[in-house]
Amino acid sequence: MVRDLVKTYPAARGRRGTPGTPEVRATDGISLDVERGEIFGLLGPNGAGKSTLVRQLTGLMRPDSGGVEVLGHDLVRHPERAARLIGYLGQESTALDELTVALAAETTGRLRGLGAREARAERDAVLGELGLTELAGRPLRKLSGGQRRLACVAAALVGERPLLVLDEPTTGMDPVARRAVWAAVDRRRAERGATVLVVTHNVIEAETVLDRVAVLDRGRVIACDTPAGLKEEVAGEVRVELVWRERAPLDVPEVAALRESAQASGRRWVLRLAPDEARAAVAAVTGGAAFAALDDFTLATPSLEDVYLALGGRTEGLVKA
Amino acid sequence: MSVVPAEAATGRRTADGRAAGPADAAPLAPRARLLPALGAVYRAQLSRARVARIPLLFVATFQSVGIMVLMRGVVDGGDEARAVVAGSSVLVVAFVALNLLAQYFGQLRASGGLDHYATLPVPPAAVVLGAAGAYASFTVPGTVVTAVAGSVLFQLPLTHLWVLAAVIPLAGAALAGLGAALGLLAPRQELATLLGQLGMSAALLLGVLPADRLPGPITYARDLLPSTYGVEALARTFDARPDWGGVAVDLTVCAAVGVVSLTVATWAYRRAAVR
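Protein chains in written order, with our numbering: chain U, 1 to 321; chain E, 1 to 275.
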């Protein structure tokens, strides 16, 4: 395995936000190394700088400073090479919305440099792979959000590229479609050695499909490791979730004591506790007066969301589904 | 500001021990060539007509036919009738190629849809020319219907209407180029829509109303509008013995404006695609 995908943003970079708002540092000195054949994730809430980073990587936006090197090519100096190395799935589908699924995939293949016959063959193969053959003749805008997203994934996969950059590929998809997408992505990695960079704010997906993940917050990388490695940082902890019927019974002293360390959002409390503390907390809320006010509770080993919180990130915007 | 060093960012860096040099750069996939890419964009854009554009094409045609019916009470044959029929026919081209294309590119740019093309190895000219060509093609049925209906309505000869085969592509190139450039240069989507609408209104007023009824300064504006030359070329051919030299000059102006505006649009696309 050759390690030759380097993306380095050593110095400070910033880009102006829309006029009237102060300057925003969307990516603030990000350095990352991704290995060939890896499925690498960028995880973080909305506004963390994931999409900006991806736009700089794909040549859509010039970084103010810093370098981007993909498979031995300097993409800051030669941004036009990005399109010949990277298969990109953006968040927007407006360019394809009024095309049929088949034509969207075929046209994208043609514009990726395939001949007419190759483009049609790849179109059929990818539509079959993603289970879209039945929808081939339907225009994208007539499809549901998840199906439309799937059609965009199909367009992104037509025409082989050694690096796939997928910006929230599975948004709105049902589990069957998600599985099809990850199977297709994994096949490209396994059979053709493709490297995959996935932007997501879905922690569950990040844990199951990614080899390594970089956690972004406010334009910075706050951690980068395998999902398991990241979770080790909070391995000594247990996650306790309490859902109250109406409101927390703060008149119960044990509950009032927990209030301090809980992250409350409405009726839901999330606590990260040492195992014996967790046992004591569960005992307290499942007995006596507190139990009457309790709607539901769960005990779990920590997820990437807990890692994210432990690292000091903001939790809003992370999806668990 | 915190910078995560590369060593901290990857646990496997030393596991394989090899750092990549420029020597093992991956091969680049081929670029899409201009003509195949143009063909693919053209075909895709044309297919959009089925989904999204047919109602608008009807509107464009009805508008022009309606204007001719209205003007029948105002003009009394001769030169003025020719101007009305020619102006209404070219108005269809202005409506679709200028107005709708400006709106389309404005919307594509505002919504980030240009990213799709910008991340494919496709020549900018292929995207602009493919879309402009498709929009010019959308105008064919409406323009032909309007020209024939107008000729019948005002009892003009149909003999030389074949000249539409030159007028539509050349006026189409000029107006679609203008529409694409406006749509891609407008800083906001609403502005692109506004400019497209204004361009079409100008083509309507300055093209359909007979020139000698316009006040002096307005006739200069009329001379500046590329659609005027398409209108004049078509109007000349309603004569029993058309001035073919004049037609050729008018169409040459259209072609020149088309080349310039499409070049500007291609430049504007390049500029809009990478921000």
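Among the clues, some could well be false.
[Unchecked claim] Residues of chain U clear of chain E, computed beta-carbon distances all greater than 12 Å:
(1) Glu80
(2) Ala83
(3) Ala116
(4) Asp167
(5) Arg187
(6) Ile204
(7) Ala262
[What the hints assert, rightly or not] Okay, the calculated beta carbon distance ranges per label pair:
(8) E:Arg271 - U:Gly115: 25 to 35 Å
(9) E:Arg271 - U:Glu160: 23 to 33 Å
(10) E:Leu205 - U:Ala125: 16 to 26 Å
(11) E:Leu205 - U:Thr133: 48 to 58 Å
(12) U:Gly172 - E:Thr159: 26 to 36 Å
(13) U:Arg77 - E:Tyr220: 27 to 37 Å
(14) U:Ala280 - E:Arg188: 35 to 45 Å
If you're looking for bench data, these hints aren't it; they were derived computationally from the structure.
Note that the coordinates shown come from a computational prediction; the quantities given were computed from them, not determined experimentally.
Glycine included, every Cβ here is placed at the ideal spot set by N, Cα and C.
* To do: Run the structure past the numbered hints and jot down the numbers of the failing ones, going up.
  => 1, 2, 3, 4, 10, 12, 13 and 14
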